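All chains, full assembly: derive it from the sequences and hints.
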Amino acid sequence: MAARQLYLIRLGEICLKGENRSFFEKKLRTNITYKLKGLHPAFRIQKGRFFLEVDDIEGSEARTEAALSTTSGLVAFSKTLKTEKDIEAIKEAVIALTGPYFSKNPQSFKVNARRSDKSFPLSSYEISCETGGIILDTFPQCRVDVHTPEISIYIEIRDKAYIYSSSNMIKGPGGLPVGIAGKGLLLLSGGIDSPVAGYRMATRGLRQDAIYFHTYPYTSDEALQKVKDLARIIAPYLSGLTLYVVPFTKAQLHINANSDNSEHTLLMRYCMVKIANMVADTVHAKTLVTGESLSQVASQTLESITFTDSASAIPVLRPLIGLDKEDIITTAREIGTFETSILPFEDCCTVFSPKHPKVRPDKQAMTDSYESLKIEGLLEEAAKGCEVIDLRF
Amino acid sequence: MERYYFDWAASSPISTEALQVYTETALQHIANPSSVHSPGRAAGAALSGIRSRFASLMGVPAQQLFFTSGGTEANALICNSFLMKKRPIHLVISGIEHPSIFAYIQRFKQLGHSVTILPAPGGRITPESVASALRPDTALVLIMSVNNVLGTIQPLEQISAVIRAYEQRHRCRIHLHADAVQAFGKIDRSHYLPHADSISVSAHKLQGPRGTGLLYSRKPFLTPSPGGGQESGMRPGTENLPAIAAFYQCSLRCHSNLEADLAHAQSMKDHLIMELASRPAIKVLTPPQEHASPYILGLSIPRIPSEVFMRVLDDRGVSISTGSACSSKNRKKAQRIFLQSGFDQRLCDGALRISFGPSVTADDIAMLSRSVIEESDRLLKEMG
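Those sequence lines, one after another, are chains U and P.
The opening residue of the first sequence carries number 1 in this note's numbering; numbering runs sequentially from there.
The opening residue of the second sequence carries number 1 in this note's numbering; numbering runs sequentially from there.
Note that these hints are calculated values from the structure, not bench results.
All values reported here derive from a predicted model rather than from experimental measurement.
None of the hints are false.
Covered, in the sense of this in silico footprint (three residues per stretch, anywhere, with C-beta under 8 Å from a C-beta of chain U), are these stretches of chain P:
1) 303 to 314
2) 376 to 384
Only pairs whose alpha carbons sit at most 27 Å apart, straight line, appear in this in silico DSSO-like list of lysine-lysine:
3) U:Lys110 x U:Lys160
4) U:Lys228 x U:Lys250
5) U:Lys384 x P:Lys381
6) U:Lys79 x U:Lys35
7) U:Lys82 x U:Lys35
8) P:Lys381 x U:Lys250
9) U:Lys17 x U:Lys35
10) U:Lys250 x U:Lys355
11) P:Lys333 x U:Lys325
12) U:Lys384 x U:Lys228
13) U:Lys110 x U:Lys79
14) U:Lys26 x U:Lys79
15) U:Lys355 x P:Lys381
16) P:Lys283 x U:Lys355
17) U:Lys160 x U:Lys26
18) P:Lys219 x P:Lys85
19) U:Lys183 x U:Lys171
20) U:Lys110 x U:Lys82
21) U:Lys374 x P:Lys381
22) U:Lys160 x U:Lys171
23) P:Lys333 x U:Lys355
Note that the Cβ used here is the ideal one computed from N, Cα and C, for glycine as well.
Right under this line is the structure:
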């Protein structure tokens with residue numbers, strides 16, 4: 001049997017749950033299990049602590065860390081060492097765990113020992129003193145600070161001794177596990193905002209598929225490739241997804257030829273929401289997700305949103321609606337989408353973007369414009385003609 | 001799908017003859033031309049022979065020829081040489097230069113030199129604009145011979161006369177460098193060679209191999225990078241003898257057939273222009289025959305973004321080049337040559353470049369014009 005690696009997982013919001021907590025934990029376990037297929041993940045909840053055990057084989061540490069750091073529902077995790085309940089073995093493990101960090105960053109620390117197994121011969125205080133002593137002996141530049149330590153080391157004596165340290169702590173996305181809130185359909189463009197919107201909703205537990213509107217040859221295949229790349233980058237956060245690529249050219253040209261230039265963008269977005277509703281219905285998504293942020297562009301004013309919302313029979317969630325662009329960019333950098341989003345293969349714009357778009361459209365007048373397009377047939381054709389890209393785990 | 005290639009100004013297909021010379025030379029000369037053993041000396045002698053033949057083909061002294069990795073490096077040798085001047089200098093540069101030269105403006109400014117950028121109405125620099133830009137501290141004038149996007153031939157003879165007169169009047173020395181990458185072997189050398197102090201040439205625009213070119217400089221220049229002493233110490237690095245041999249082969253062929261090729265290419269270009277004239281929506285940007293290379297045609301279909309049109313033709317098996325990219329971030333940069341030539345934004349947005357070589361046939365041109373006309377008709381109708 002392969003050796004096993006142990007991780008302590010910190011849950012955030014799940015801990016606030018009451019009787020349904022186990023439902024959330026179960027979903028979290030399922031999501032992690034999917035990501036760590038082949039490493040035989042096993043979970044153990046011990047006195048409020050959530051432990052994950054995986055096979056300790058080549059590459060398993062990197063794979064586990066990549067999986068956990070993109071799994072919403074967990075706030076942080078740290079590699080944990082498990083030893084026999086013997087003070088010498090514990091001291092050795094403490095040095096093995098903290099050594100690589102303290103040898104580069106000799107900082108202040110505190111050892112927090114807890115002894116659930118009262119038969120262990122040393123008291124919690126004595127365990128702290130013994131292990132703190134060996135750290136000071138090994139790394140004389142470190143110092144003890146019991147009030148505001150830079151590094152906290154935890155030792156728990158239970159069935160075995162468990163040792164972990166804040167120096168090994170890696171952040172997770174927080175929030176709630178993907179899948180507890182049902183399924184949505186993310187309107188993914190090649191920009192900065194929509195991947196962040198998808199990520200945000202994933203941290204609220206929403207499973208998502210994504211939809212992209214391709215207007216070849218007016219938008220390039222490079223632009224489509226960029227969207228596929230973005231979908232791949234956010235896939236781990238979303239616990240996998242399916243990307244639907246809608247052939248939108250015919251509909252776009254129809255809008256262009258049969259409506260006033262100032263209304264093109266609004267009608268285009270209305271049609272996109274209509275198609276997204278059709279696709280959502282097919283894939284059993286109960287909500288749409290967009291990267292809109294209030295007042296960012298002409299089609300994101302309250303009046304414009306009122307109109308495009310009216311195309312949807314299901315709620316449209318806009319997690320970025322009140323965020324500053326800088327905050328969105330910060331998140332895009334954190335999740336690794338920013339560099340791809342800013343590649344210069346954006347929508348080919350000039351043909352279809354009005355020079356003077358309507359900023360405060362009248363909903364009734366716009367609805368009349370849409371009705372006069374008589375475009376439903378083309379929208380249904382587009383929805384049925386989707387290219388399907390499977391990015392599930 | 002059969003492919004039709006009309007992007008020779010970017011890179012031309014290597015000829016069988018050039019490839020053969022490359023292979024033969026590579027197999028025959030295995031040694032470094034700088035090595036002192038007999039295979040090395042043989043390679044050195046071969047290189048020296050090619051240099052002499054190049055010199056007599058161009059009518060210049062062999063010691064003023066320096067083989068480089070291509071046009072970009074040849075341009076860089078001159079720019080870097082002037083960048084190293086201790087005293088601040090003034091340089092005059094045409095607004096339609098290739099990026100391998102134009103990108104140096106920022107660096108010159110950063111190092112305290114001053115720069116005057118000349119506009120080029122209709123794609124041509126006027127001698128008057130050069131005359132008004134010259135200053136007593138002007139040390140370098142950079143004006144290409146044939147523009148790479150519009151194909152316009154610059155009046156280097158008149159520009160040179162203006163510079164020489166200014167030098168005499170002000171007792172100063174001004175270096176005139178001409179990027180001749182789209183001119184060498186393609187138009188008569190009397191347009192550029194006697195007038196410039198240095199020119200840059202690239203082999204792969206002449207159906208030669210990529211990664212080789214030359215700098216001809218009648219004036220000494222400072223070498224920016226010390227090294228193994230090759231190319232009289234001016235361009236260190238082991239010489240690419242097989243590529244240089246192939247480069248000479250295609251240069252010789254181009255110059256031997258120059259007049260016949262020119263006449264053929266001109267008739268092909270005229271035919272293309274005539275065919276395209278049936279569609280008022282297609283605007284030819286390149287000026288008439290006497291001021292332009294027959295191998296390059298700049299045009300624009302103002303309502304169709306150039307990137308879209310390039311893509312549509314590509315799907316039909318026809319390769320042309322966009323005059324610009326659609327990405328808004330780089331739009332101004334990509335459209336610089338058109339904007340500096342005075343074309344309005346609508347023309348810039350739809351700008352395209354068609355370029356071909358001497359082997360182009362009437363059938364190729366018929367296919368091209370048919371594709372351009374049919375696709376532009378279709379797209380313009382689609383777009384309403």
